[in-house]
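First to last, the sequence lines map onto chains R and Z. In this note's numbering, each number is its position in the first sequence, counted from 1, plus 277. In this note's numbering, each number is its position in the second sequence, counted from 1, plus 277.
Hints in this document: simulated from the structure, not taken from any laboratory. Where hints are given, some of them may not hold.
Because identical chains share one entry, a pair is satisfied inside a single copy or across any pair of copies.
Simulated crosslink set (DSS-like; lysine-lysine; CA at most 27 angstroms straight-line) [claimed, not checked]:
no.	residue 1	residue 2
1	LYS447	LYS423
2	LYS423	LYS308
3	LYS606	LYS447
4	LYS606	LYS308
5	LYS447	LYS308
6	LYS308	LYS408
7	LYS308	LYS608
8	LYS447	LYS608
9	LYS447	LYS408
10	LYS608	LYS408
Note that the structure is a prediction, hence the values are computed from the model and not measured.
2 protein chains.
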Amino acid sequence: MNIVRRIEVAEMAGVSEATVSRVLNGVGPIKEETRQRVLAAADRLGYTPNAMARSLARRRSGNLGVVMPYLPKARLFSAHYFSEILSGIGSRAREEGYDLLIVFRDSDGATDVEGLFRMQKIDACLILGAKEEAGERETLRRIQEKRYPFCLINQHFAGESFNEVDADHKEGSYQAVRHLLEQGFRRIAFVNGPEAYSNSSDRRAGYERALREAGMLVEPDLLFAGNFSRTSGLRVAEELAGCMDRIDSIFAANDRMAIGIQQGLRLAGVLPEHMPAIVGYDDSDAAEMTSPGLSSVRVPFYELGEMAAAQVLRLLEEPEKAEGNSPFKVKLPVELVVRASSTKKLPKD
Amino acid sequence: MNIVRRIEVAEMAGVSEATVSRVLNGVGPIKEETRQRVLAAADRLGYTPNAMARSLARRRSGNLGVVMPYLPKARLFSAHYFSEILSGIGSRAREEGYDLLIVFRDSDGATDVEGLFRMQKIDACLILGAKEEAGERETLRRIQEKRYPFCLINQHFAGESFNEVDADHKEGSYQAVRHLLEQGFRRIAFVNGPEAYSNSSDRRAGYERALREAGMLVEPDLLFAGNFSRTSGLRVAEELAGCMDRIDSIFAANDRMAIGIQQGLRLAGVLPEHMPAIVGYDDSDAAEMTSPGLSSVRVPFYELGEMAAAQVLRLLEEPEKAEGNSPFKVKLPVELVVRASSTKKLPKD
Numbered sequence: 278m279n280i281v282r283r284i285e286v287a288e289m290a291g292v293s294e295a296t297v298s299r300v301l302n303g304v305g306p307i308k309e310e311t312r313q314r315v316l317a318a319a320d321r322l323g324y325t326p327n328a329m330a331r332s333l334a335r336r337r338s339g340n341l342g343v344v345m346p347y348l349p350k351a352r353l354f355s356a357h358y359f360s361e362i363l364s365g366i367g368s369r370a371r372e373e374g375y376d377l378l379i380v381f382r383d384s385d386g387a388t389d390v391e392g393l394f395r396m397q398k399i400d401a402c403l404i405l406g407a408k409e410e411a412g413e414r415e416t417l418r419r420i421q422e423k424r425y426p427f428c429l430i431n432q433h434f435a436g437e438s439f440n441e442v443d444a445d446h447k448e449g450s451y452q453a454v455r456h457l458l459e460q461g462f463r464r465i466a467f468v469n470g471p472e473a474y475s476n477s478s479d480r481r482a483g484y485e486r487a488l489r490e491a492g493m494l495v496e497p498d499l500l501f502a503g504n505f506s507r508t509s510g511l512r513v514a515e516e517l518a519g520c521m522d523r524i525d526s527i528f529a530a531n532d533r534m535a536i537g538i539q540q541g542l543r544l545a546g547v548l549p550e551h552m553p554a555i556v557g558y559d560d561s562d563a564a565e566m567t568s569p570g571l572s573s574v575r576v577p578f579y580e581l582g583e584m585a586a587a588q589v590l591r592l593l594e595e596p597e598k599a600e601g602n603s604p605f606k607v608k609l610p611v612e613l614v615v616r617a618s619s620t621k622k623l624p625k626d
Numbered sequence: 278m279n280i281v282r283r284i285e286v287a288e289m290a291g292v293s294e295a296t297v298s299r300v301l302n303g304v305g306p307i308k309e310e311t312r313q314r315v316l317a318a319a320d321r322l323g324y325t326p327n328a329m330a331r332s333l334a335r336r337r338s339g340n341l342g343v344v345m346p347y348l349p350k351a352r353l354f355s356a357h358y359f360s361e362i363l364s365g366i367g368s369r370a371r372e373e374g375y376d377l378l379i380v381f382r383d384s385d386g387a388t389d390v391e392g393l394f395r396m397q398k399i400d401a402c403l404i405l406g407a408k409e410e411a412g413e414r415e416t417l418r419r420i421q422e423k424r425y426p427f428c429l430i431n432q433h434f435a436g437e438s439f440n441e442v443d444a445d446h447k448e449g450s451y452q453a454v455r456h457l458l459e460q461g462f463r464r465i466a467f468v469n470g471p472e473a474y475s476n477s478s479d480r481r482a483g484y485e486r487a488l489r490e491a492g493m494l495v496e497p498d499l500l501f502a503g504n505f506s507r508t509s510g511l512r513v514a515e516e517l518a519g520c521m522d523r524i525d526s527i528f529a530a531n532d533r534m535a536i537g538i539q540q541g542l543r544l545a546g547v548l549p550e551h552m553p554a555i556v557g558y559d560d561s562d563a564a565e566m567t568s569p570g571l572s573s574v575r576v577p578f579y580e581l582g583e584m585a586a587a588q589v590l591r592l593l594e595e596p597e598k599a600e601g602n603s604p605f606k607v608k609l610p611v612e613l614v615v616r617a618s619s620t621k622k623l624p625k626d
């Protein structure tokens with residue numbers, strides 16, 4: 278194996294590690310003088326041409342692919358979820374000397390990741406917005422078989438050996454619901470996202486566990502379905518407004534739905550003093566800024582992006598580690614942030 | 278010229294225009310069956326191979342480059358400014374069948390755009406975060422000379438024939454300051470960003486024009502310098518707190534600085550009833566959510582991104598229009614949004 282490390286070459290040449298990578302991998306534009314200095318340092322330190330060649334063989338484009346879902350007019354980059362993850366990815370990619378190739382899914386959600394690799398448009402790939410659907414699992418298996426380096430972010434597939442960086446949404450949801458139970462709430466409506474996301478099934482598992490531990494059963498008429506959008510929260514609020522006598526609190530699977538629900542209930546004439554307790558999820562900026570503050574589960578989105586980028590780029594630098602090794606399955610911890618929306622007094626019966 | 282248009286090919290083949298582009302330009306992965314259908318439709322309609330070849334010669338990577346500034350730990354994608362512009366760019370790029378190649382500037386702000394074109398990593402380029410600096414103008418002139426298609430977003434260079442999509446910040450700043458004057462304020466502190474940005478010089482021009490029209494002089498001791506960050510607003514607030522007897526209102530060149538100033542003045546012990554009137558700029562989400570609401574100038578960032586992408590991609594589709602034509606210089610209108618921060622009563626002398 279290679280004992281001399283990139284950072285030593287960088288220090289001797291007086292450049293950043295990113296610059297060393299760019300020179301040695303022949304990606305990206307670079308000043309000729311800098312290039313010569315890096316090559317001389319690599320040569321003097323015996324940073325082996327072998328390792329360089331192996332690396333070069335894997336790093337052709339200098340691009341880290343990022344597959345994004347796409348919704349027309351959704352201002353995707355402005356969503357807390359994506360902007361934070363991308364900031365984390367971008368930070369790490371830049372440090373490693375990679376550019377980001379952002380690829381949008383087709384309107385049916387599909388994307389030909391294999392083609393991106395085959396056409397050498399990307400060297401590695403981070404996949405956002407994956408879900409349990411006919412084609413998706415097959416696509417991922419295929420690029421896995423071909424040993425193209427990729428990592429799923431915030432989604433996992435049971436029974437597969439994909440690289441996955443996720444947050445512990447089972448635990449986060451469990452904490453959220455247990456918090457409501459501790460406040461004395463008993464009829465907790467659960468507004469979840471689409472079931473095809475592991476995000477949603479994890480949240481449901483956490484909800485069920487908290488109820489179970491409290492000796493309670495899941496009541497099907499307390500389960501509601503949204504799609505993570507604020508609009509879907511508004512829609513669910515119409516249903517909720519019709520059964521306010523049956524519920525005393527709400528756990529919504531993300532903040533946008535929670536805020537939509539609050540708005541919808543107000544529109545339906547529910548007075549502030551009768552507003553059910555509510556906990557959202559994601560701890561977006563809006564959770565803090567809305568009034569009353571929205572209790573929510575903080576997810577380290579930036580760190581998810583940063584870690585996934587670091588892991589997948591390490592596979593490129595040290596391909597020997599990728600061969601035959603077990604995949605990395607990371608679950609970062611989350612944290613319940615309690616604000617006024619879930620701590621008010623119980624409404625009178 | 279070519280009479281049959283892409284949309285007709287798309288309709289006959291039963292696919293999107295984006296798919297037609299991808300097939301005819303040989304970029305991006307595509308199902309073989311779809312490819313055949315598009316080629317057959319193009320053939321039947323006489324969508325000329327000539328035009329295709331010309332287009333192909335110019336569109337090699339299928340990537341639209343986006344040059345971004347970079348600040349470590351700044352969570353760039355989470356900033357209202359960048360996330361909105363990128364959402365606009367992404368929306369249009371996807372419709373046209375392009376992926377986005379996000380390229381970060383070096384720590385000294387430089388980026389070798391020419392190299393990106395030369396290495397065919399991008400077909401066209403949108404440039405964010407440009408400013409009046411030694412190397413930048415030269416770099417842009419060079420890619421201009423080589424006829425590589427690019428467009429600056431939210432920055433303009435006097436005396437150059439670069440393509441530029443900007444917003445009318447002179448007018449926006451003029452409106453903001455006139456609004457303060459109309460409220461009876463006379464000692465208006467102006468907290469601007471770095472002078473190397475045309476953004477800053479435009480704001481200053483608007484500030485000066487409003488004062489001039491009111492028969493007032495610019496007082497140098499009312500001018501303060503930040504760098505568009507909230508932290509710089511906090512810093513300026515320390516200076517402002519020391520001269521509250523000299524000022525009755527503040528115009529800050531963006532919302533983040535305005536919010537930093539408000540926080541800083543509170544930290545310095547300024548009571549709510551003595552808080553000077555303040556107007557920010559950008560109309561970010563925070564302006565609406567902060568309390569009291571922050572008056573601000575709304576900038577159509579999404580539309581800036583969308584329009585710049587549309588213009589620069591049109592140069593690729595219709596290169597004959599690019600030759601010898603005058604550059605496009607767009608200034609989109611902005612709008613003052615008045616909230617509570619600037620409408621309270623004048624403080625007593």
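Each hint, compared with the structure:
no. : hint            : in the structure
1   : LYS447 x LYS423 : neither (32 angstroms within a copy, 55 angstroms between copies)
2   : LYS423 x LYS308 : between (35 angstroms within a copy, 19 angstroms between copies)
3   : LYS606 x LYS447 : within (15 angstroms within a copy, 52 angstroms between copies)
4   : LYS606 x LYS308 : neither (39 angstroms within a copy, 32 angstroms between copies)
5   : LYS447 x LYS308 : neither (50 angstroms within a copy, 38 angstroms between copies)
6   : LYS308 x LYS408 : between (43 angstroms within a copy, 21 angstroms between copies)
7   : LYS308 x LYS608 : neither (41 angstroms within a copy, 35 angstroms between copies)
8   : LYS447 x LYS608 : within (10 angstroms within a copy, 49 angstroms between copies)
9   : LYS447 x LYS408 : within (17 angstroms within a copy, 47 angstroms between copies)
10  : LYS608 x LYS408 : within (17 angstroms within a copy, 41 angstroms between copies)
Consistency with the previously given hints fails for numbers 1, 4, 5 and 7, ordered from lowest to highest.
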